[in-house]
Amino acid sequence: MAWMTYISHWFDEDDWYEGQQRAKMSQVKQVGLLAAGCQPWNKDVCAASGDRFAYCATLAIYIYQLDHRYNEFKLRAIMSEHKKTITAISWCPHNPDMFASASADSLVIIWNVTEQKVVAKLDNTKGIPASLSWCWNAGDAVAFVSHRGPLYIWTISGPDSGVTVHREAHSFLSDICLFRWHPKKKGKVVFGHTDGSLSVFQPGSKSQKHVLRPESLEGTDEEDPVTALEWDPLSTDYLLVANLHNGIRLVDSESLSCITTFNFPSAAASVQCLAWVSSAPGMFITGDSQVGVLRIWNVSRTTPIDNFKLKKTGFHGLHVLSSPPKKKSFLSPSPTKNHHTSSTSEAVPPPTLTPNQAFSLPPGHAVCCFMDGGVGLYDMGARKWDFLRDLGHVETIFDCKFKPDNPDLLATASFDGTIKVWDINTLTAVYTSPGNEGVIYSISWAPGDLNCIAGATSRNGGFIWDVPRGKVITRFSEHGKNGIFCIAWSHKDSKRIATCSGDGFCIIRTVDGKVLHKYKHPAAVFGCDWSQNNKDMIATGCEDKNVRVYYLATSSDQPLKVFTGHTAKVFHVRWSPLREGILCSGSDDGTVRIWDYTQDACINILSGHTAPVRGLMWNPEIPYLLISGSWDYTIRVWDTRDGTCLDTVYDHGADVYGLTCHPSRPFTMASCSRDSTVRLWSLTPLINPLQINILADRCWDEVIGNTDRAVESGAPPLLCGKVSRDIKQEVEKLTGNPRGKKLRWFSECFSPPGGSKNLWDLVAVIKGQDDSLLPQNYCKGIMHMKHLIRFRMSKAQELTTVKMSKFGGGIGAPSKEERLKEAAEIHLRLGQIQRYCELMVELGEWDKALSVAPGVSMKYWRKLMQRRADQLIQEENDDVIPYCIAIGDVKKLVSFFTSRGQLKEALLVAQAACEGNIQMSPLSTTTGSSHSDLNNTDDYNELLQKVSKELAEWYFQDGHAVLAACCHLAVENIELAMANLIRGNELELAISVGTVLGENAAQATHYALELLARKCMTVTTWDLAADLLMMIPDNKLHLVKLCAFYPGCIAEINDLHEKCNLPDAEECMRLAETTEADGDIFEAIKYYLLSTEPEKALPIGIQYVKEQLRSSDWTLDSICPYLDLLSYIRTERLVLHKCSNQLLKRREVSVPLKIEQLSEELDAWQACTQLSKHTDELPCTPPSESQKMVYSILVSRIQEEPLKGMTGPDYVTGSNLPSHSDVHISCLTGLRIQGPVFFLEDGKSAISLNDALMWAKVNPFSPLGTGIRLNPF
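The working numbering applies: residue 1 is where the sequence shown begins, and numbers increase by one.
None of these hints come from the bench; they were simulated from the model.
Ideal Cβ positions, reconstructed from N, Cα and C, are used throughout, including at glycine.
Some clues are possibly wrong.
[Unchecked claim] Pairs of lysine to aspartate or glutamate, EDC-like flavour, derived with a Cα cap of 16 Å:
no., residue 1, residue 2
1, K1096, D1113
2, K569, D544
3, K848, E825
4, K848, E822
5, K518, D503
6, K786, D771
7, K946, E975
8, K184, D237
9, K569, E543
10, K384, D879
11, K495, D512
12, K1096, E1083
13, K186, D140
14, K904, E72
15, K492, D536
16, K1015, D1027
[Said to hold, decoys possible] Okay, the calculated beta carbon distance ranges per label pair:
no., residue 1, residue 2, range
17, S607, D1023, 26 to 36 Å
18, N1061, P1121, 27 to 37 Å
19, L1231, E1067, 34 to 44 Å
20, D878, P1121, 52 to 62 Å
21, D423, D878, 25 to 35 Å
22, G768, D1023, 32 to 42 Å
23, C645, H147, 38 to 48 Å
24, L234, H68, 35 to 45 Å
Kindly produce the complete structure, drawing on both the sequences and the hints.
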């Protein structure tokens, strides 16, 4: 038990407090990640193995893995050891955990993918590895080659480890594009060259250098690089080759001859990637470079069999998963029955396909990478995307900004020459600029709703992009070819735009290009920022290490102020939005300086970064909060009052450039980096007391204040910005009880995107709000069940589209088919409809059979429909949907969707059934009585609840607790919604929502209050903890525990007792002695804990527990309350010597349990519980009468969980987001921690925040056995 382990580490009191402080987690929570796209400049940038695939951006490798439960691919790891462009990646063919990558800094790395760690590094590769591949013939050797050769082979381990040069593969006459080992023939390797030729080497044969150039190039000096090379998996000598201009050939590497040249439908089509489909012999696929057309070929035909246009932009890479991931099946019909044949049928084999059908659908999944950075996994058999990341930046993202009138839209600017606008709720790109701008360094939205973005480029001047029209409408060229490092659109005067450039000028112009001011600097100008309080004031940061402030209302071109102090160039400058005259600057000297314009002085220097500072952002609500990003890969949060660093975030994998937040969502921040990702962060933990003041309904003065009060040293955080003032004004206008509205508005202001608005909309619907008040985008989220069908129907009317079937007729049907057709026609004319139907089924012509089947009987038609549905489900074919709906087989359809992870579709069908839109045919019910209708409705309701539960679970385990709660609220399951919020550690949101929902959520709200009060049991916020506990109706014992644990001096302890309506410490001592004399042990423990000598509670409590354990009929109820109460003793009091003797006499505890009794109870438990779980495969023996008896005694000892849905793992927001560079191993599991980390009290040991939360809910003490309480809430 916990108290037995206290003494394992001796502490003095100071150590104890320090430990309490060190046990902590990061204050800034990562809540969203926009992964980079796939880079389009190197060849081997995607790879796949089993149920995983990988692609690389410029600096990081992204690994996705199939989640078998939901049949979807999820980002599992980001591996970012490379500091320069990654040039090639390769998955080990014989060990799916091993992976190799090479980069432009002459580095090759071997990774263990499962453990996400580097296994080996080779850092001087004598030239940049342009292509890399595992050697098929050796267990752990990787080969790589630079453009000129030679081929190096690195044996990673074993007696021959080291790098050797291939004996023959060197001294090439033309550069190497790529090379491929033969997967079967040991040691055989082929190289493709820029002149279009190939070189083939194999042990024991003469090496063939520069052979097999395309015929049209023979005898010329023209270059036609080899863009793709793949060995035929079924041959030792055949090879597919693609040349940039000369298309694709199948060549024989033995006879050095070309076997087939393949022809494209148009001369303009060119190919840069191809792959064999191993599941379909002789078939391969190609991707066009200009447009995203995927073509399917067979070596027996010179033209493609099929073409799919998948995307507007061209292909860059293709890789077929060798063993396509096996999806889970939910219906496994008995193997003996042949589904394609019928009882009356003569022919047994399944229907033969027409030749074109036989070619059309190779089963398999292709990893597709596109020129615009898009990445997807395409299921060729089902012709649909299993996964698609449509767009992504493929290079450094230099800047990011929220749209002034829409906090859900974020614009990003990148080295790749594009601006993209993202919806941060769905993390998808909504707009992308035309591109080809060179490098875009900086962007600035036009004020208000003007829908334009100004961009600054490295060589093309500045421009204004009209976002909805997708056009550049204006260009600025005053800086010539010099790079513009910063562009700023004035938000006080929408006609003015400032730019600053490498030419040393900061230019202010009107939107139509008229220059108003040119401010000359002695060197390059990197940053500028308009004052938020004075529309005519602008500050600049210059290479000469100075910050300047200019005043536009005068005609002078000289600065009003020059601030000196930085020891290296100044990059960005930012005016404080809340404190007039205060600005900050970030410099290459690694510091951030805070300047006071009114005092002409530097008032603080923030030191901590170890490299140049780039990103800078003031918080728009908390005046002293400043955030900076640096080339040291970190983001730091500063309290500018005293210069302390409140938190450091290590998640980015490279330099951090841009930081931004939106004034109406002031505690959600976006950051962008050279690692090509955008990340979203929640800053709410930094201002936690504020949220709790709002929940505890404290007065406005403790929530909102003026700037002067907020910046006083040591003052608690206060909101000083526009959004909080607006909320206050709106609340004060309300009549009646404004509490619900106040909680909602603040909750939306504090919560990151990802469902909180959706959640509040659902709460409003449940509380009976009029539907006309729902926001416009309500229908895009999770809707309440009563709206789901209505919204979808109107959407369907908008969309009414026609899908054309792609299959033509056969090329000449086999004679057997002709004969069967003829026979069928005769049967039909003879009126033998059933026979005709069966023959049509035989021929695969189901539609003809089904259209006349009602002529036999409706019962026969239904049976036939069912057979067709079963067959389509086997094939995982979407065509099954109409069949199931027509025969009203809702359950089959719901489980079909569920098995494929299409939970939203399943929900829609279940809801439609509940509303009676899907009719069970009267034939299927026994006697069409109303009784069966009633059963159906109940069945469907149960189905609906089940599907929403499954959808909620899908969101929840993906780290989206708020959306999971939305799913439950949509079907009015308030208990489970609250449970998801609590298990996602969204305690403040749970309490806000629970308070508004009232009685139905009361129990869960009280539990959340209890957990949040534990969070407040830190030195500064004990009174807040008391306020929260006082909101629970039956709070006496909770307040006792709080006071028992309070570590203040005697006067402070008595103050807290008074607040909690408890006697003072001396009185408690007297009461303890009295109750002990009266034999009331529980009350005695309680009062001793509250007295000046809390350690006296221990001997009494422990003695009582021992006595209870000695009797054989003890229950948890008779012991747990006592242990729980004892656990609130301040453990630093136990280092007194007299306590240790008491605790260490463990041997005296005699528990009257024999091992035989335990095994008897265990057997009984298993016998009775497996009954409910047993399946057809595992027949189980029914439990005996005596076992049933034992089981009932055990069950009586277990109390029913008071709150539904609380058991199961906790998943906080961001649990699914892999960290780039901040790697921690859990001391509980020994595995790398994914998602947020919690540090234990030694400051070194770490566990995942999810594990810490689950641990603390069942055991308040640290796993390290120091007696310190965990507080991860």
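Against the earlier hints, flag every one the structure doesn't satisfy and list their numbers going up. 1, 18, 19 and 24
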